[in-house]
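Asks: Next come the chains, spelled out residue by residue.
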Amino acid sequence: MGEVALKKGVLLLAILLVAIIIAAASLGAAHVSWRSALSGDETARAVLIRIRLSRVIVAALIGATLAVAGVTFQTLLRNPLADPFILGVSGGAACGAAVVTALGLGRVPGLVPVVAFAGACGATVAVFLVARRRGRTDTTRLLLSGLILNALFSAIILIAFALAPASDMSSALRWMMGSLAGASWNDAILLGAMFVVATTILIFIANDLRMLAFGEDDARAHGVNVERVKLIGFGAASIVTGAAVAVSGIIGFVGLLVPHLVRLIWRRDYRFLLPLCVLAGPALLVASDTVARIAIAPVELPVGAITALLGVPFFLSLLRSGR
Amino acid sequence: MLRVENVSYSYNGRRGASDVTLHVDDGGALIALAGPNGSGKSTLLKLIARVLTPQRGEVVLDGRSDWMAKEYARHVGYLPQESEDVFTMKAIDVVVSGRAPYLSRFAFESESDYAEAEKALALCDASYLAQRFLDEMSGGERKRVFLARVLAGAPRLILLDEPFAALDIAHVQQFSRLLRGIVDRTNSTVVFASHDLNWAAAYSDRMIVMREGSIARDASPAEVMRADVVRELFGFEAHVVDRWVVPPPHPPSAPSPPSPGEKGTRT
Amino acid sequence: MSLSAPALRSLVNRGLCAAVLVCGVAPAIPPAIAGKIAGATRVITLAPNLTEIVFAIGAGDHIVATDDFSDSPAAAKKLPKVGGQEPSIERIVAAKPDVVLASSSANVTALRAAHLPLEVIKTDRLDEVAPVMLQLGALLHAPHANEAARAVRDGLAKERRVRKHPPRILFAAWNQPLYVGGRDTFIDDLMRLCGAENAVEVTGWPQYSLESVVAKPPDIILHSSRLDLEPLLRAAPELRTKSRIVPIDENRFTRPGPHVVDAAANLNAIIDAWEKSH
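Those protein sequence lines, which keep their order, are chains A, B and C.
Each residue of the first sequence is one higher than the one before, counting from 1 in the working numbering.
Each residue of the second sequence is one higher than the one before, counting from 1 in the working numbering.
Each residue of the third sequence is one higher than the one before, counting from 1 in the working numbering.
Please keep in mind that the hints were generated in silico from the structure rather than gathered at the bench.
Treat the hints loosely; a few may be bogus.
[Claimed, not checked] Here are the simulated SDA-like cross-link-like pairs (lysine to any residue), alpha carbons at most 25 Å apart as the crow flies:
| # | chain 1 | residue 1 | chain 2 | residue 2 |
| --- | --- | --- | --- | --- |
| 1 | A | K230 | B | N12 |
| 2 | A | K230 | B | E141 |
| 3 | C | K242 | A | K230 |
| 4 | B | K119 | B | R132 |
[To be verified] To give an idea of the chain B side of the interface with chain A (calculated C-beta under 8 Å), a few residues:
| # | residue |
| --- | --- |
| 5 | G16 |
| 6 | K46 |
| 7 | T88 |
| 8 | M89 |
| 9 | R105 |
Quantities reported herein were computed from a predicted structural model and do not represent experimental measurements.
Every residue gets a Cβ at the ideal spot worked out from N, C-alpha and C, and that includes glycine.
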């Protein structure tokens, strides 16, 4: 019975996503047509395939990744305000990436994503230890611990910058200025691999995770191995957050916004929200990034500003509703 | 059916349950777990529900203590004192999630699972709530939906932690009638914890009274609801009128606040 | 660490602000007021181009301290330093200046609050350099102000070019994301003077669309030698062949001081080399 509703939702969002991707691939600062690209025009191919399409794909993957991280954190913490950016998990990942780059180790292959992941995990553990009391996550504690963690990571970054040579510092800054510009196919492959691994893991525990939304004791009484599910869930959400930040830097509010937009239409459990977020996340971020690219082209807006403009009203309304 | 044998549990040195032994048989009964706050009622229910693992002793169901968690959950249902419902859903979707112990890893609930959920809602006089969302319901309605969720798993033993705690007196009556109906119609055994001695006695066939982590009395309500037993277990002098404990009036020297008993409301 | 180009500096500021999750808003700066401290003998300069100008007009021996970035001329290196982005108010006060010269892109709130004899000097554009020399000459009773100003004016006039096919030049101020030097900036003035056209048609220092760069590749791409252009070129490798990519010494190139003539000559040489290979 539930499957039918899910299939309908997936179909609807998939159509929306494809439409948005087609629009995003057609719109841009450069006036070149797909027809000339397909008939072999070198410049058109470079602009459309290598630059625009790769950016659209990376935006889609980042959107999916952040949405999956957001909905997983919200379910695990049973708090609708949980989001990798607000929790400080993105900040932890960016801190790791920026410090490594500022220390001149940014070109060691694979080091930045690994350290970003370590930073994300560190922040997640801190959230878990600080924000939770007696199995519950109080909103005030959650927001305060996120605020404090972000302050801590900023302090670490500022100190690393003070010690770093100017050239390394300038490359380290990109983790702070979330951007999808200059994203390459290599980024897309790294991110795509991490996303597929983490989402597969989450699909394995989706049936257990949705029981966790009713409380940990309740889940245990239904035969769920709560400790294992929490460990796997937090681990997967941290991995994807680390990978997203390693590619694009911090882009806020996507993880908060997407699950809530999905819930406005489908008020169902995690098993439904996960696949729907995988489709709605890319739709939202690709659309936001397209606006950032074309609103005042050829000048670009920071995509994080667009997502924040969309996300903040949501955040405030959720905070006001007190749920 | 169920044997709790010499079970002990403590929270970082704070005693929860100590050396509890208890037998519950099949065949439908309404059993009250009574006792003052902090006497270990919730801990004992969690130990039976396998939410907590005993530090000493064991919980044996049908002669076995090596149940897989999901298998065990098909036989024993548990309703915590407060159900978390941060993310609102339709009642029917909440209730059908009670079928989780029967579901394989990637499966969604089938038509027959939904049929069970609807039956469970009907047992709780809550069929009319099926398509409503949790955040549109009163506390009493939500309680019934979550009780239906436990019933959807068709357990033989149903554990309810303080089911009356947040209900007004009219809803307590309604809810207790519901419990009696469930026992009669499903032949399952319901164990409910209550700190209110009078309600525990009024709505049960058997009373297990806990005190300081241990079982102080396991008898019929008529045997427990006596002035000498109340004095022994709860430490105050009370009148017992028709199996109803009436607390002594306040001493006349103090300005006496209106007694809740006089107005017919209890907390 | 030297961050002289105002664009780069403001970018770094912005990045640091992002790091502390605070949006910094630069205070509005009133225009410079000249002449009230005429004949000052204890001068502190808080920008490398101002240090160079004061030396060029022959008042270098009045300077008692400079900011950390002032590395030229050689004599300036030996002077006491009062700090970089956030100069130390304590050190400035302790140096007992008659006048503190700051550029209009600096944050002078703290300096004002300390009631220091502050002069904010606007030298963001090419044609402001010579007037500032005269203005400071009057302020500091400098002996060579007229000559220095004339040298700049004449030198720039000599470097002025009109080219039959003006090359389109892009100045990359930041790599990820791409920030560029737009119209109405110092670097834009230099390009015009040398007979080139700024490939960027908008004003200021905007974040810029990479695909519009690739769609219409500029003839020359200038970037600071400290800026790693590799990430950008990996995303758009055709720029390696279609554009002439020239790293420049930012300190020599984007400092609105006495060396603007050298910068113009330098840019002309870069463009001439491009014309020859074309």
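Asks: For each hint, tell me whether it holds in the structure or not.
Replies: Hint-by-hint comparison with the structure:
In summary, the hint linking A:K230 to B:N12 is supported, as the alpha carbons are separated by about 22 Å, within the 25 Å threshold. Proximity of A:K230 to B:E141 is assessed by CA-CA distance (about 31 Å); at most 25 Å being required, the pair is judged violated. Of the supplied pair hints, the one linking C:K242 and A:K230 is violated, its CA atoms being roughly 53 Å apart against a limit of 25 Å. In summary, the hint linking B:K119 to B:R132 is supported, as the alpha carbons are separated by about 16 Å, within the 25 Å threshold.
The criterion of a C-beta within 8 Å of any C-beta in chain A is not met by B:G16, whose closest approach is roughly 14 Å, and the hint is violated. The closest approach between the C-beta of B:K46 and any C-beta of chain A is roughly 7 Å, which is under the 8 Å cut-off, so the hint is satisfied. Satisfaction of the interface hint for B:T88 is found here, the shortest Cβ-Cβ separation to chain A being roughly 6 Å, below the 8 Å cut-off. Hint status for B:M89 relative to chain A: holds, with the closest Cβ pair at about 5 Å, below 8 Å.
Using the Cβ-Cβ criterion of 8 Å, the hint placing B:R105 at the interface with chain A is satisfied: the shortest such distance is roughly 6 Å.
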